[in-house]
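Take these sequences, add in the hints, and give me the full structure.
So the chains spell out like this:
There are 2 protein chains.
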Amino acid sequence: MTVQKTSRELYEDYKAKMQKIADVRNAMAILSWDQETYLPEKGAGFRGQQLTTLSTIAHELFTEDALGTLLKELSSRSDLSATEQKNIALSLEDYEKQRKYPASFVAELSSATNAAYHAWIRARKENNFAVFEPLLSKMVALKRRETDILGYEAHPYDALLNEYEKGADVSMLDTIFRDVKESLLPLLQKIALQDAPDKQFLNRHYPKDAQWEFGLNLLKAMGYDFKAGRQDVSEHPFTTSFNPQDVRVTTRIDEQDLGNMTWSCIHEGGHALYEQGLPTEEYGLPCGEAASLGIHESQSRLWENNVGRSLIFWQHHYGKLQGIFRSSLQAVPLNDFYQAINLVQPSLIRTEADELTYHFHVMIRYEIEKGLIEGSLQTKDLRDTWNQYYLDYLQVEVPDDMKGVLQDIHWSHGSFGYFPTYSLGSFYAAQLFTTAKKQIPGLENAIASGAYGSLLQWLRENIHRYGRFYTSNELCEKVTSEKLNFRYFLEYAREKFGGIYQL
Amino acid sequence: MTVQKTSRELYEDYKAKMQKIADVRNAMAILSWDQETYLPEKGAGFRGQQLTTLSTIAHELFTEDALGTLLKELSSRSDLSATEQKNIALSLEDYEKQRKYPASFVAELSSATNAAYHAWIRARKENNFAVFEPLLSKMVALKRRETDILGYEAHPYDALLNEYEKGADVSMLDTIFRDVKESLLPLLQKIALQDAPDKQFLNRHYPKDAQWEFGLNLLKAMGYDFKAGRQDVSEHPFTTSFNPQDVRVTTRIDEQDLGNMTWSCIHEGGHALYEQGLPTEEYGLPCGEAASLGIHESQSRLWENNVGRSLIFWQHHYGKLQGIFRSSLQAVPLNDFYQAINLVQPSLIRTEADELTYHFHVMIRYEIEKGLIEGSLQTKDLRDTWNQYYLDYLQVEVPDDMKGVLQDIHWSHGSFGYFPTYSLGSFYAAQLFTTAKKQIPGLENAIASGAYGSLLQWLRENIHRYGRFYTSNELCEKVTSEKLNFRYFLEYAREKFGGIYQL
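Sequences listed follow chains A and B, in order.
Offset between the first sequence (1-based) and our numbering: plus 840.
Offset between the second sequence (1-based) and our numbering: plus 840.
Keep in mind that the hints are not guaranteed to be accurate.
Note that the list lumps identical chains together, so a pair holds whenever it fits in one copy or between two copies.
In silico SDA-like pairs for lysine to any residue, Cα to Cα no more than 25 Å straight-line [as the list claims (entries may be wrong)]:
1) K1021 - Y878
2) K1067 - Q889
3) K855 - M868
4) K1060 - Y878
5) K912 - P942
6) K857 - M868
7) K855 - Y1310
8) K1323 - L1025
9) K1243 - Q1218
10) K882 - W1298
11) K1067 - Q875
12) K1067 - I1093
13) K940 - E993
14) K1160 - D1038
15) K978 - H995
Just so you know, these hints were derived from the structure itself, not from any lab.
Here it is in structure tokens:
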């Protein structure tokens, strides 16, 4: 019957099915957003059940035979636009991947994830990795089975990486993290010999409402559209999108730490600008989705670090900031502020790390995940391995599991292969920003005067509007004329921190 | 195959199906709540689409053959508890009703509703009923077809009433509204001869934040559980429930009108206490739902009027209120305040009407709906009929359509048969409250000292916990030992307003 339909008709059928699935998934995103922002305490139980139901419905809709038949038929049609063909190809790829999972495996993984998450919570309460270890061990076994289900060529971990960053693999990451070790370690060692700038003044009292207003103004200045979004408060800041016309950010405010709110606002703002820039007409289709986690992170990091921790950015904003928090900042010169917000100092917690040491946190997790998945590392040895890595790479002693191996939620969720995308994001950001500076006349002057329109327009045109049409590396090559190259980040780091620390 | 299953197993299958449907419907409620409270302007378009998708999914799940087969099989099982049997009977009734609608009719009604709603918005902008009339005419024709689809015995309007208030019919309402006319009109006429109390001081300046706090404290005092709910701001106050552990209210604050926020808080609080009191273990099943709109409204009105506009209620709260709004209220004695908040005065707008004239607004709508559905009134004559009724019953001249026939949203939504439940709510409230006063020792003293625990407990035990187990009238008879009887409202009105106006 489908054969008699025109490609146009079939494509409209496909679009309707995909948009229906997107509506259900976005409803889930709305329920999750509410869960993190406004849900009353007792509502958590039923909310979990409501999310599970929607998730099951979305899964059923996306794996039904009729969708597969339709996608296969459309794949053979040549009278579709390039974007349409790309949508079909990516949807078919996603569909076939979903269909690989036996129902029994999905159920087992779901219950293991639930158990692991609760064990992780308990382990954190007791500050004892041993409580989490048996569940993590089971999770690793399941993830190894998953690599067999998904299939891979060179390394089993590649199958998991592919979930978050299509095209990334162990061979690429080994090279990148070798570069990190070889080039960033010497830089860190040089920095360690210098006097650390003072940053105590960032921990003076910064009243909540004034911080909130300042954060909103930063978002406005960046070009975030408040008619297509809003900011709320949550325990952990995040960005969520229900469609490009409704992209929401959250922040948290610590009255004793100005930095917490400030860079989380800019970071989430970067994510949100990407989501607001995705093509509305591709709603529900792959070309309406972000390219990858790495590219998503490149957008947040570019704004947070390359722009938001630069001297020229604060040349414009610092006077206003001083005006708002007079008692805390009026005696602090811009340059002291700039140095304080760029303090490099090895530490224990990934999410609190500076721009440079951050990548050692990620590298450690990458090495561990690779070891667990290939079987060269066992979960029973994980705490020791973790602590040893922190000593070797960051020269810090891990005092307990909370500040060590239990600090991240990812493994309890079964998210293996996710961490590397954080570093890839920074490296893509440096490479993209280098190109942006070449291609946008007067970009640095614009930033120094608080005008980000040309940068946002460049990101919209070169990255946002393509959605998943290109993979990360295709996109990188298209925009910067070469594949991801760590040297851009290195040059950025040497120039910036060389200046700050007068190396 | 089902025959081999035990009743217990079948009942669990039924429960799982119903809870899945409830999860989808509650997800819709969450999306709708967000739409009225936090949705950014541009998000409206996709939100509409997302709601439509969820609605379609819920409808598909609730009308699938397998559910019907299961319900019929379970109806024949006698080894179920009374509550279980009631759930099955009500679900089968709901199912068979839904299955009566031809898909073509559902689609036609949905598109007519959409068109009528937008025409109503436009008509209001232009203050011209003629813009709305053709769409309303089509809507009435569809609702008349709906009465044929649903079936009825005595009067076609009964079929529509039954949607909102099972068991109510034209014969019952004709009797009640005859009583309203015969007994309330003389009371109104006597009141009209008295001097009207002054209420200007209610329109002094009442700062927003102080109103918000006062409203929250009223809700807390009533026993509303903020761990299972929250209050937000919306254009029109409403209560919504996602399950008994997450029942939310909204309010609006007008700094020039203290009454607006105060009684909307108490009113919505009454609705919310009902929802928080429904049995959690019946989630998704009929016995976990409210008995009817009339009973729902009885809960809000009992708190709003019988409790919240009583002298004893304000004996406790007025001192605090004066303390908060010192400059506006310190010179106003309690008795003046009490008279002002109970001012009886015929007016044009239903939602702003006092406790007595309110029922004439409802009666007018009831007469009009009955006429439209039975065909004795045409939409082209509706404006004149409306204006004439207002002159006859309330002695007010309708100056324009906005203040007349275009004031309510209900008809544009296709909600015919809804209005009468507002009056039924007040009449049930009076009858229930009379019984409560008899059965709860010291209730009036408790209220006078700000303690509502015994009242709430009585409502929980006699009404809330039953869900839909009893119809409105069954419940009324069970609790008060007689069917709905207008004389309780009349006695309440005569006593209260007789006192205020010294009749």
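### Task
Output the numbers, in ascending order, of every earlier hint that fails for this structure.
1
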